[in-house]
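Given next are the chains, with one letter for each unit.
There are 2 protein chains.
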Amino acid sequence: MTDAPDVGELSPPQRTLMGPGPSPVHPRVLKAMSTPLVGHLDPSFVDIMDETQELLRYAFRTDNEWTIPVSGTGSAAMEAAIGNLTEPGDTFLAPTNGYFGDRMAEMARRAGGEVVRVDAPWGEPLDPADVADAFAEHQPDVFGFVHAETSTGAKQTNVPELTDIAHEHDALVIADTVTSLGGVELRVDEWGIDAAYSGPQKCLSCPPGASPLTLNDDAMDKVLSREEDPRSWYLDLSLLEGYWGDERAYHHTAPVSNVYALREALRLVAEEGIEARWERHERVAGALKAGVEAMGLGLNPEDDYWLPSLNAVRVPAGVEDGDVIDYVLDHYDLEIASGLGALEGDVFRIGCMGHGARPENVTLVVAALADAFDALGADVDAAAGLAATREALREQ
Amino acid sequence: MTDAPDVGELSPPQRTLMGPGPSPVHPRVLKAMSTPLVGHLDPSFVDIMDETQELLRYAFRTDNEWTIPVSGTGSAAMEAAIGNLTEPGDTFLAPTNGYFGDRMAEMARRAGGEVVRVDAPWGEPLDPADVADAFAEHQPDVFGFVHAETSTGAKQTNVPELTDIAHEHDALVIADTVTSLGGVELRVDEWGIDAAYSGPQKCLSCPPGASPLTLNDDAMDKVLSREEDPRSWYLDLSLLEGYWGDERAYHHTAPVSNVYALREALRLVAEEGIEARWERHERVAGALKAGVEAMGLGLNPEDDYWLPSLNAVRVPAGVEDGDVIDYVLDHYDLEIASGLGALEGDVFRIGCMGHGARPENVTLVVAALADAFDALGADVDAAAGLAATREALREQ
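Line by line, the protein sequences give chains A and B.
Residue 160 in full-length UniProt numbering sits at position 160 of the first sequence, with consecutive numbering throughout.
Residue 194 in full-length UniProt numbering sits at position 194 of the second sequence, with consecutive numbering throughout.
Source of the hints: derived by calculation from the structure; they are not laboratory data.
Do not take every clue at face value.
Identical copies carry no separate label here, and so any pair may be met within one copy or between two of them.
[Claimed, not checked] Dumping the calculated DMTMM-like pairs for lysine to aspartate or glutamate here, alpha-carbon to alpha-carbon at most 25 Å: (1) K222 / E65; (2) K31 / D6; (3) K222 / E137; (4) K222 / E168; (5) K222 / E247; (6) K31 / E9.
Just so we're clear, the structure is a prediction, and the values are computed from it rather than from any experiment.
Please build the complete structure, drawing on both the sequences and the hints.
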């Protein structure tokens with residue numbers, strides 16, 4: 001048995017987080033994290049819960065009563081959505097166009113679902129015609145799609161068409177909005193999404209730990225009329241309804257500090273205005289995009305599907321992705337990430353999310369990349385990149 | 001659709017948290033919560049993970065390599081333990097002597113287990129003879145017990161006897177140590193516990209959000225040789241092994257800030273020394289116990305099973321529990337809690353946990369209760385209570 005370990009004071013390096021998340025946290029949100037706690041059943045916490053739910057509805061563009069933070073990271077909210085809406089024997093239609101579509105399929109399988117797939121290449125959105133074909137062939141009960149694929153940097157377009165197809169077949173639609181909520185246009189109600197989940201550490205710039213989830217009445221009706229309980233007690237929304245609903249009954253101890261932080265992060269969204277925030281992400285990420293394109297590096301997805309919050313930038317000839325990532329971390333305390341799954345080694349994933357979507361951050365990214373490419377011997381026009389980003393920012 | 005909600009600055013009341021948790025958080029831990037984040041795959045975070053694991057092993061009194069914080073609140077760690085160690089068709093033996101034994105049973109059922117029970121009255125520990133009988137009758141594969149029952153204030157004694165019985169029958173033992181870790185004597189390795197889970201917001205005085213879990217090799221062997229995947233992807237320990245083990249592969253985004261905070265809370269444990277910390281809890285809670293007993297209020301469990309971290313104090317004649325709880329909240333910003341389940345209305349649950357286990361806190365509790373009983377007309381000797389607590393603290 002060990003003696004008391006001698007562990008020093010917490011002093012992590014000061015990073016600029018421009019990977020796929022966590023993104024840079026606003027100082028006001030960090031301050032909220034350090035607020036002394038009240039109990040999770042305290043009368044004052046009920047108000048905080050109400051306010052957080054109201055702010056979440058605003059960010060999701062929904063009137064769904066059933067809109068809550070799940071006590072865990074984004075994958076917990078994801079499994080809450082999938083595990084509660086998939087009953088054993090249900091057919092679940094999941095996309096093949098990215099890493100997180102595969103995760104959806106895996107979670108649906110564990111929930112007892114029969115998983116069928118609708119295909120699109122990595123980096124492309126689903127084609128509504130393919131979704132219609134998949135519905136005709138498989139008659140799925142639940143259809144999941146990824147609005148903002150963090151692995152490919154592609155945005156799903158034509159969302160209302162997809163939800164129309166699903167509803168014509170009486171299926172429920174689950175949207176993965178982990179990398180879009182608060183940064184990229186998302187209209188849950190108008191677009192007919194029945195359930196959407198997200199993470200706080202992307203475009204909301206909040207530390208991970210309490211993760212947004214919203215369900216409309218159709219989705220909640222299914223949850224509350226299941227024949228068999230969901231397989232997770234922790235994520236059982238019919239039980240959570242007792243805590244986040246009118247009753248406020250004890251289920252589990254809510255992550256009080258993470259709710260404080262999420263509330264503050266969502267206040268920042270409300271202060272800025274959700275449309276203005278979407279516009280800022282597109283504008284600032286556009287300057288990043290202009291910069292890397294001027295250096296001669298393409299983005300992985302086509303412009304039509306470009307996801308401002310997550311830029312999948314092709315690795316230029318002459319360098320290894322890992323060397324570039326290490327270089328900018330070592331020289332600039334700057335985090336960017338490698339590709340995931342099928343795109344591993346082919347792209348850098350550069351986030352432009354929330355508090356990270358600022359001119360100074362994307363300027364640093366382009367300058368640091370330019371330096372890295374120069375130092376490591378990649379054949380790119382570094383100076384052109386910097387100029388293009390500067391120009392794009394000036395025009396704004 | 002709502003306009004941007006106008007939600008004010010976060011300003012919760014300043015409570016003294018002496019309920020069943022969350023407990024008062026040490027200022028150093030609050031400060032850790034507000035530390036700017038690094039990425040969950042940052043090389044510097046690997047060191048922080050290693051240190052947190054080392055500190056967790058120290059607090060659990062274990063050498064188990066597989067010792068991690070689960071990304072969720074205590075119930076997530078609970079379901080991780082139960083859901084991974086219970087395969088469909090396994091027989092799971094759970095106790096009937098408290099609220100959290102019932103929760104164990106419910107989670108085991110959802111994992112596909114056949115649940116059988118071993119009985120003891122609420123407020124009493126399991127008798128090893130009854131456990132032996134239950135093993136002879138049911139031959140369970142997994143045996144769960146609650147070391148510190150937060151609903152009854154009773155401590156399970158004779159733990160090594162229980163684990164011996166289980167191991168004679170080749171069963172694995174899961175211990176709920178939510179309200180004991182870091183506050184009440186707990187020796188995972190010496191006592192033969194195969195898996196134990198806890199919460200950070202009890203005797204570790206850390207905000208909820210990342211919850212301790214430890215498994216020995218026998219337990220992990222079972223997890224890694226399951227025939228069927230666990231029903232939760234999020235809590236699948238074979239996948240988490242990729243992140244917290246040597247590989248450091250991405251599974252989900254760890255709650256970085258909560259890990260920072262847990263690390264700092266565990267540093268405080270290491271600085272104080274785990275045995276000294278157990279002794280402090282017993283000493284300070286003893287002064288609380290002396291006070292309420294001198295007022296004529298019994299504790300629910302017998303002295304032999306008294307749990308210093310959670311004092312289940314009988315509600316005196318002449319008052320309603322809710323009126324007293326509201327009174328001390330209104331007049332003293334002091335949180336204590338009502339009974340849970342079978343003891344609802346019969347007891348107050350008064351925590352004495354971690355940073356809350358200090359003379360000033362228990363003195364406030366006894367003084368506030370004395371005032372409440374006096375104001376609300378309960379027939380107790382309030383002055384005697386205060387004197388007894390004062391005496392007990394002076395003797396120390």
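Hints violated by the structure (numbers, ascending): none
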